[in-house]
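Given only the sequences and the hints, what does the whole structure look like? Please build it.
2 protein chains.
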Amino acid sequence: MTTALKIVIIGAGYGGLVTAIKLQRHLKNNEAEVTLVNKHDYHYITTHLHMPAAGTDHHENARVKISELINEEKINFIKSTVVQIKPEQKEVVLEDRVLSYDYLVAGLGSETETFGIPGLEEHAMTIRSINSVRLIHQHIKYMFAKYKVNPSRTDYLTFVVGGAGFTGTEFVGELADRIPVLCEDFGVDPSIVKIYNVEAAPHALPPGLPGDLVEYGMDVLRRKGVIYKLSSPIKQCTDEGVMLADGEFIKAGTVIWSGGIRGNRLLEQSGFETIRGRVKVDPYLRSLQYRNVFVTGDCAVVFDPDGRPFPANAQIAVQQACNVARNLVYITRNEPLEPFVYDYKGTVASLGKGEAVGLLKTIKIKGRIAALMKKVIDARYLFVIGGLPLVIRKTSIR
Amino acid sequence: MTTALKIVIIGAGYGGLVTAIKLQRHLKNNEAEVTLVNKHDYHYITTHLHMPAAGTDHHENARVKISELINEEKINFIKSTVVQIKPEQKEVVLEDRVLSYDYLVAGLGSETETFGIPGLEEHAMTIRSINSVRLIHQHIKYMFAKYKVNPSRTDYLTFVVGGAGFTGTEFVGELADRIPVLCEDFGVDPSIVKIYNVEAAPHALPPGLPGDLVEYGMDVLRRKGVIYKLSSPIKQCTDEGVMLADGEFIKAGTVIWSGGIRGNRLLEQSGFETIRGRVKVDPYLRSLQYRNVFVTGDCAVVFDPDGRPFPANAQIAVQQACNVARNLVYITRNEPLEPFVYDYKGTVASLGKGEAVGLLKTIKIKGRIAALMKKVIDARYLFVIGGLPLVIRKTSIR
Chain A
1 MTTALKIVII GAGYGGLVTA IKLQRHLKNN EAEVTLVNKH DYHYITTHLH MPAAGTDHHE
61 NARVKISELI NEEKINFIKS TVVQIKPEQK EVVLEDRVLS YDYLVAGLGS ETETFGIPGL
121 EEHAMTIRSI NSVRLIHQHI KYMFAKYKVN PSRTDYLTFV VGGAGFTGTE FVGELADRIP
181 VLCEDFGVDP SIVKIYNVEA APHALPPGLP GDLVEYGMDV LRRKGVIYKL SSPIKQCTDE
241 GVMLADGEFI KAGTVIWSGG IRGNRLLEQS GFETIRGRVK VDPYLRSLQY RNVFVTGDCA
301 VVFDPDGRPF PANAQIAVQQ ACNVARNLVY ITRNEPLEPF VYDYKGTVAS LGKGEAVGLL
361 KTIKIKGRIA ALMKKVIDAR YLFVIGGLPL VIRKTSIR
Chain B
1 MTTALKIVII GAGYGGLVTA IKLQRHLKNN EAEVTLVNKH DYHYITTHLH MPAAGTDHHE
61 NARVKISELI NEEKINFIKS TVVQIKPEQK EVVLEDRVLS YDYLVAGLGS ETETFGIPGL
121 EEHAMTIRSI NSVRLIHQHI KYMFAKYKVN PSRTDYLTFV VGGAGFTGTE FVGELADRIP
181 VLCEDFGVDP SIVKIYNVEA APHALPPGLP GDLVEYGMDV LRRKGVIYKL SSPIKQCTDE
241 GVMLADGEFI KAGTVIWSGG IRGNRLLEQS GFETIRGRVK VDPYLRSLQY RNVFVTGDCA
301 VVFDPDGRPF PANAQIAVQQ ACNVARNLVY ITRNEPLEPF VYDYKGTVAS LGKGEAVGLL
361 KTIKIKGRIA ALMKKVIDAR YLFVIGGLPL VIRKTSIR
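Just so you know, the protein sequences line up as chains A and B, in that order. First residue of the first sequence? That's 1 in my numbering, and the numbers climb one at a time after it. First residue of the second sequence? That's 1 in my numbering, and the numbers climb one at a time after it.
To be clear, the hints were calculated from the coordinates, so they are not data collected in a lab. In this text the structure is predicted, and so the values were computed from the model without any measurement. Idealized CB from N, CA, C, for every residue including glycine. There is no bait here: all hints are sound.
With a Cα cut of at most 25 Å, we get these calculated PhoX-like pairs of lysine-lysine:
#1 B:K146 - A:K65
#2 A:K6 - A:K65
#3 A:K148 - B:K394
#4 A:K148 - B:K146
#5 A:K148 - B:K79
#6 A:K141 - B:K194
#7 B:K148 - A:K39
#8 B:K39 - A:K148
Some residues of chain A that are not near chain B, with every Cβ distance over 10 Å (derived):
#9 A4
#10 F77
#11 S152
#12 C183
#13 I192
#14 M373
Restraint-style ranges between C-beta atoms, simulated for each label pair:
#15 A:R265 - B:K79: 53 to 61 Å
#16 A:R368 - B:R97: 43 to 51 Å
#17 B:T154 - A:R291: 43 to 51 Å
This is the structure:
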């Protein structure tokens, strides 16, 4: 009798969680001993965070207890924070213990990339976790309350969102929907509120959308009150607002940065070769340096046939997790591995209530149909991780 | 036919609103033309504000639309802000028009008195209006959200309440009740939260309570986690906390000042003789300078038989309003005026859910009975201004 393989998964985001769920389903008893480590006892649905950030949905709809998703008799779950990876020793150092592994799955997610723009790290909030979006949600309401006791400070009701990509676009759509509700609640004239979406690139909305869809999306958001500042890199962020490259200063009580991400710093600090924090991997998603370390999601960099990195998103993370889980099963059975092939299914970006825009493979969709597709995509993920009961429990009707 | 007397009431707090309601009830048609001016279109129940401030009740339960309380066919209501009183010309200047009067009732309420303590005005919040308590409510939740993204900053969860009199005591009681709920909601260890009640005087709780009741009240609040700092004047307030006279600095994300009030500055600016902003009045509550100006509530200073000013509170304001309304009716009918006599009914201070302490005349009450009496007193006021329907609508069961 040989000892079961020890598989440790660090991070229960899209990559880590789906790997764990798939392993749980496909590994037979005693084929491997699987441990999942995460700093929270919940998984959060990053693609949903723009809604609780704006306050258009409750943050509980963007998270699920891990204990509800995995069978703790099959997967050993540890709530702890990873301090260091020691790939040479095949060890993961947690804040309270050390785990040794035969195979590691690193799905530690991303960090905010501020590109060295002064003040962003200190003064801008980000849409990256349950806690970070609860802060945004509370901050927005706090600004309304502050304005009410000091109505000369209209800048309290100016909102700057840096970055007009996927997250920035989805967030400004929700924020624009939320503003009239807050104005009604606090007794504020809506014309006082300003929402700026500031973007260094000359175009808004997720990269890769055709021009007419981009125009459509920007029109929808402009009608909701969003003011675009394109080709406008942020030069500096202070506690009073943002300075743009052309010298304009937008005085704003709220600055949210969605302009960039990088891989979790822990990987490069642990000696992995990375590109902007994302680990270089082989066709099987294994570290080029350590073939017993698989990397999934935002921590891995995978290139398209033209040599450009695929953007980090939930879709690719889930597909990678399925591939890694399959290959780990093959390893326990001494079967050959399958390379990872990204099957791009499309991109749909929400523009707020009842509006979205995107591509299904190459088919353009927009408006109500796109908004419905967006809901289907979100529900599909919930189904993958938690089945129909989770879909029903976490999907808001609006 | 003579022209009807023009009565203008400025301020729809306890004094102004009750005057208006009583006049509406007792004046016959055409005996007088009554105008009520208020900067909001709602009346708020100041004695209830400690609850929405802490978040233990909704702010809507602390305000009532003025249109629901008065008959606008009998009382002319103007939503506007008073800019100046010109008693010589018998005129009130509003931000958008000028009103002339034969008789004026000034019930403009109080302002915060900071006694010149540096930084208090800029950095401390106050429990004085719907808007100011909504700010406190949002601020508290914002601090929890900030702490969650930056758990080394335990000072975000330190709350300093300056002043341990009536309002300060009632507020810390609610806050102490609210903290466990917020800790649960945000996932915070309650032992991290600190509530300081800081008082310059050597004793806490409303003045005039016997020593054993004060001890009882402080014990109740201490058990809920309140830390008292008595004989501890605040020397300075900064954006990081408060410096006490003994040199101790309490680092705190929240500072609330309930340590003093003064009469509305507008009165002294309009030439009235005042003591700490409160107008000196004759036995009929008329300005000593202008016998056609009645003053009610926090704007008036009335002395007890020993020559000490009665404290400003809702009870005396309502009684003054009744006296002023009665005397205005007498004036229209050329009947002699009645002097104002304060009938002290008692004081009950809430200590949070199910706990209170106080005096009914000279009878000491505490605990559940006192909490019930507090509810009866609050309900009685609602009954006076709005009848049973208002009592039912605004009284929360808890």
